[in-house]
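Starting from the known structure of chain Z, fit chain C onto it as the hints suggest.
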Amino acid sequence: MSEKDKPARKSIAATSQMKKLMADHFLSLDAARKEGNPKIAWCTSVGPAELLQSMGFLVYYPENHGALLGATRMATDCIPLANAIGYSPDICSYLTADVGAYLKKETPLTKAYGIESIPKADVLVYNTNQCRDVQDWFSFYAREWNVPIVGVHTHRSVRAVQDHHIADLAAQIKAMIPVLEQVSGNKFDIDRLRETVGLSLECTQLWRQVLATGAAVPAPLTFFDATIHMAPAVVLRGLPEAVEYYKALLAELNERIANKIPAVEGERHRLYWDGMPVWGKLRDLSEQFTSLQTNVVASTYCNSWIFEAFDPKDPFESMARAYTELFIVRDESYKEAYMDQWIKRFSVDGAIFHDAKTCPNNSNNRYGLPQRMTDRLGIPTLVINGDLNDLRCYSEEQTRTNIEAFVEQLDQMN
Amino acid sequence: MSVRFAAGVDVGSCTTKAVIVDDEPKIVGSHVMYSGTDFQSASEAAWDKALKDAGIESGDGIPVVSTGYGRKSVPFSSRTVTEISCHGRGCVYFVPGPITVVDIGGQDNKIIKLDAQGRRVSFKMNRKCAAGTGAFLEEMALRLRMPLEQLNGLAESADGEVTLGSYCTVFSATEVLEKIKAGHPVDRIVRGLFHSVVKRILEMDTLTDTVVITGGVIEHNPFLAELIRQYTQCPVQIPPHPQITGALGAALYALDGGSKDSSK
Chain Z
1 MSEKDKPARK SIAATSQMKK LMADHFLSLD AARKEGNPKI AWCTSVGPAE
51 LLQSMGFLVY YPENHGALLG ATRMATDCIP LANAIGYSPD ICSYLTADVG
101 AYLKKETPLT KAYGIESIPK ADVLVYNTNQ CRDVQDWFSF YAREWNVPIV
151 GVHTHRSVRA VQDHHIADLA AQIKAMIPVL EQVSGNKFDI DRLRETVGLS
201 LECTQLWRQV LATGAAVPAP LTFFDATIHM APAVVLRGLP EAVEYYKALL
251 AELNERIANK IPAVEGERHR LYWDGMPVWG KLRDLSEQFT SLQTNVVAST
301 YCNSWIFEAF DPKDPFESMA RAYTELFIVR DESYKEAYMD QWIKRFSVDG
351 AIFHDAKTCP NNSNNRYGLP QRMTDRLGIP TLVINGDLND LRCYSEEQTR
401 TNIEAFVEQL DQMN
Chain C
1 MSVRFAAGVD VGSCTTKAVI VDDEPKIVGS HVMYSGTDFQ SASEAAWDKA
51 LKDAGIESGD GIPVVSTGYG RKSVPFSSRT VTEISCHGRG CVYFVPGPIT
101 VVDIGGQDNK IIKLDAQGRR VSFKMNRKCA AGTGAFLEEM ALRLRMPLEQ
151 LNGLAESADG EVTLGSYCTV FSATEVLEKI KAGHPVDRIV RGLFHSVVKR
201 ILEMDTLTDT VVITGGVIEH NPFLAELIRQ YTQCPVQIPP HPQITGALGA
251 ALYALDGGSK DSSK
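The listed protein sequences correspond, in order, to chains Z and C.
Position one of the first sequence corresponds to residue 1 (the working numbering), numbered consecutively onward.
Position one of the second sequence corresponds to residue 1 (the working numbering), numbered consecutively onward.
Hints in this document: simulated from the structure, not taken from any laboratory.
We put the CB at the ideal spot given by N, CA and C, even for glycine.
Be a bit skeptical, because a hint or two may be false.
To be verified - As a list, the in silico DSS-like pairs of lysine-lysine whose alpha-carbon atoms are at most 27 Å apart:
hint, chain 1, residue 1, chain 2, residue 2
1, Z, K357, C, K199
2, C, K124, Z, K281
3, Z, K357, C, K124
Stated by the list, open to error - Computed footprint of chain Z on chain C; a stretch qualifies when at least three of its residues, placed anywhere within it, have a C-beta under 8 Å from a C-beta of chain Z:
hint, stretch
4, 83-93
5, 109-122
Chain Z extracted, bound-state conformation:
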């Protein structure tokens, strides 16, 4: 099949605006790296970014860099360098790809934006709400550059978020302020924090509305679009430009719904995706689903940047709540109820679970959840083995056959 004949999902016009936003983001970080001003804070993607922005830091997100390493297929060549210095191939492949790229002195930012290297951190700020690996990841750079590292240790496997969880987390966030004041040279200002939290809230509400458009039949966007368009919600939330961007994206998607324009031509089946994207195979998988007239309309992963608990009136407690209410922090019963709700609301025919070899916290198939989902909801499930970044753990042909067979099964059921 020639390149021009390959099935393609319908492209989103707002993408060019997003690319410019991302370019500006990385170019400002690069300018700050060269000039030493403003100070640069590294932050986990679901960490306390609002506090850092309110204190005048430019915020850099290594997980975003990890995903870029995966999407550009540089990761698999970088990971072995980290393995060789003692970071196991079984731990987070964002970590190993990023550390490996640092050791190789390479970054996808060079080809994308002409940037020589990643921005060196003045301070590293983590939140363990996703996993412990982020702390180990940031600790590598803290040792490498001899810069301060501070963090928040989130409670895990939380069933119902309790006041004591919030009080503890809020206290941990506040405790970082003296270090951040010292590094930034700026005094903490509660009004600036309120303003930033307000912008993050607006951003996240718009992001939820963007994802909710996937409930329309036919859906105006796919999981593969969402993995790309979530970038501003990850790295620019708390800034007005992210809000403006999502307003534009939402308007475009709503127009598609009004005109019944599908993202996948001839949409026949609608799927839910659980787990991380396989970053290096996004395009291949998107093309396969499109050729099968099947749309992945909802996912756990892209929902991870919905933080509706933000409240400018109560910034610390609401940040603590927002970052604890996340799916990944919760126990199995919460996760099951959450997925059921999205699956029903999005008229989903089947669910695919990506068992990512190096990301146990984002692989929800490992404790019998798919089988229970099939029993409860009567929808078929499929587990595919792979990884977010390490393509050594991914079998192309097996995955393609599994997906094709799964769609044949859905055909048979209809």
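Using the frame of chain Z, we list chain C on its own:
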């Protein structure tokens, strides 16, 4: 009245199988050969031989569905269907549902569950690793310096078993060498290897209803079915020619009709 024919070609990682059925449907011709490295040539050769076996002069106009690892490399097929669907369909031809199909292939294993109507309920393939597949037994035969064909007889006649613990084919080979050095009889080691294959299968999914075992591995190593029988309370059946079940299923899909698949 002229007979209508249909065909299925299953291009597996190790062998290519072609089956021709009439409209009864009854198998009228088949052929099995090594896939080698050129799937297209293998599919064409298997197709020619199956036609000859059926006594059909020309394949022109006979609808063909291709399946298996190399299903997209069959230029004369009208469409492709995955081997998961085809093995299910081929098994239901012999054994009515509900059944659990266990397909032990050259490089992957599948467990496919079908309901009373023969519709697929679920399926699982082995994970990334080829432990428990035909490739595992091939590697072990090589280590033991014995022809692959001798394994079944040795496993069956062994009066005991040497337990092998490793998941991994390479580590299992090391274990086998250790057992030989320790003086264990080869037939008991081979019985242990067969058990290892069965354990890998049982880890994949539960076996329920009637278990139907297919694939080239069971065709040449039927003692594996005996071991599976020992582990499960379910009745176990092997179709008459289990290596061609996937190609048969493809032929039955071809008999249903269907348009040319442009995605090939």
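Outcome of the hint check:
{"no.": "1", "hint": "Z:K357 - C:K199", "in the structure": "holds, 22 Å"}
{"no.": "2", "hint": "C:K124 - Z:K281", "in the structure": "holds, 21 Å"}
{"no.": "3", "hint": "Z:K357 - C:K124", "in the structure": "holds, 17 Å"}
{"no.": "4", "hint": "83-93", "in the structure": "holds (count 3)"}
{"no.": "5", "hint": "109-122", "in the structure": "holds (count 4)"}
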